[in-house]
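Same order as they appear, the protein sequences are chains G and B. Each step along the first sequence adds one to the number in this note's numbering, with nothing skipped, and position 163 is 163. To convert, take the position in the second sequence, counting from 1, and add 275; that gives this note's numbering.
Just so you know, these hints were derived from the structure itself, not from any lab. Among the hints, a few may not be true.
Stated by the list, open to error - Footprint (simulated), chain B over chain G, 3 or more residues, beta carbon under 8 Å:
1. 27-40
2. 151-157
3. 178-188
4. 215-228
Just so it is clear, CB atoms sit at the ideal spot from N, CA and C, and this is done for glycine as well.
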Amino acid sequence: MIDLIGELLSYSFILRALTVGMLVALCSALLGVSLVLKRYSMIGDGLSHVGFGALSVAMALNLAPLQISVPVVVAAAFLLLRISENSRIKGDAAIALISSSAIAIGVIVTSLTSGMNADVYNFLFGSILAMNRGDVVLSMMLSILVLLLFFFFYHKIFAVTFDENFAKATGIKVDIYNMMIALLTAVTIVVGMRIMGALLISSLIIFPALSSMRLFRSFRGVIISSAVLSMICFFWGITASYAFDTPAGASIVIVNLLAFGTCSAIGLIPQREKE
Amino acid sequence: MSQISAQNVSMSYEKKLVLEGISFEVDQGDYLCIVGENGSGKTTLLRGILGLMPLKSGAIRFGDGVRNNQIGYLPQQTLVQKDFPASVFEVVLSGCLNRIGLMPFYSSREKRKAQQNLELLGIGNLKLKSYKELSGGQQQRVLLARALCATEKIVLLDEPASGLDPIITNEFYQIIRSLNQAGVTIIMISHDVKLAVEYANKILHIGTMSEFFGATEEYLKSEAGRRFLEGGSSGA
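Construct all of the structure, not just a fragment, from the sequences and the given hints.
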């Protein structure tokens, strides 16, 4: 096993993917707890599909993928947040409309220009070869930002997540925190979808939070657990993908699924003892 | 000077005018119950007082040392909270947020405050329990403890007894009464008009058919009060 990990770390492209991926896994797990608890899981999914559309258009126009997709996905994040807050429009239906439209635009643009090729496949299902030095720098800056945000605004994020109305009534600028979370989610998704793929990136946001909620009963416990769990799962996912020669993104999702199953099983034990 | 005075307040909800020309005053130590039919705009008015929704016209003024972010609020429970992983202490402590301003963390002063309020409401033993595993009555006490962390002066409650059984409801009303006797101003929305007239010293009745604001004894004599109380006894 140690030999395998040693071998894995000797490849610079895997090392880059691991650095970027584990940082993205950390950020998405932290943001994910708040998103899942606020019933915003679908926003993560919708944003990744918008990201796919933006990436495809950027490639077709021969533009730098990140510089185009980051602003587009950030704009989509604000839009989706607005839609979800407005009770008059059915939020989940609107998100489904936006995500399928974005995929359709991406597919059409690609097929009209370069044709359906390996790039499209990589956008949809991810590739660990996609990471370059710029991605490494961007993902490091992003993770530092998310970590600082969580450190300084931890209690405010808790209050806004638990009870928006109470938080607003005690003078917290709820909208600013919601927008900040949406913005960081958008950037995390764009960076992460290169490795994980547009169809799989939302698992990084949702799985660690759900798994941790089976085990821990306090907000602090869930936050810490999902950050740690997410990074562990990412690491073992990449290792498994190398060992069994399976696609990286899908392998990471499967490791997360196994972790979720294990956490659910453990979560059942103490409850039975109590009853 | 009154703690809260509303003058000629009108509010609309989704572009429909739901409240028109509401005026009332709340002084220190008052126990005001807001009653009215379903959909008469009780919660909308409360959200207006808290600054969560804009007023269409009129004004709500705070005085007597009360600032608009120093109001304890006990909202109706939301779906999000049903399976929210949080310890009781985390929830109660979040009521102290308006005390720490831009500071990132709570000091021992806020933690002491949260502990005091837990004990005041008789739930000190639940401190480390998970909020979602508590009974409905215990959850309401936790939210009340949180509200008391945000204020010492005035607490607003939105149908605090909905979903509680009669015994727990009665216990909860006793707690509110003892807080009121200790000098905390209470503003409560209630659909239970009989309990409202039993505990409150002021009644605000809002609705399309009839409006009333004044002392409870006068409400019992007024047309709005008589009709609502009689309707209540035959209906519910």
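Quick rundown of the hints versus the structure:
| no. | hint | verdict |
| --- | --- | --- |
| 1 | 27-40 | holds (count 3) |
| 2 | 151-157 | holds (count 6) |
| 3 | 178-188 | violated (count 0) |
| 4 | 215-228 | holds (count 7) |
Consistency with the previously given hints fails for number 3 only.
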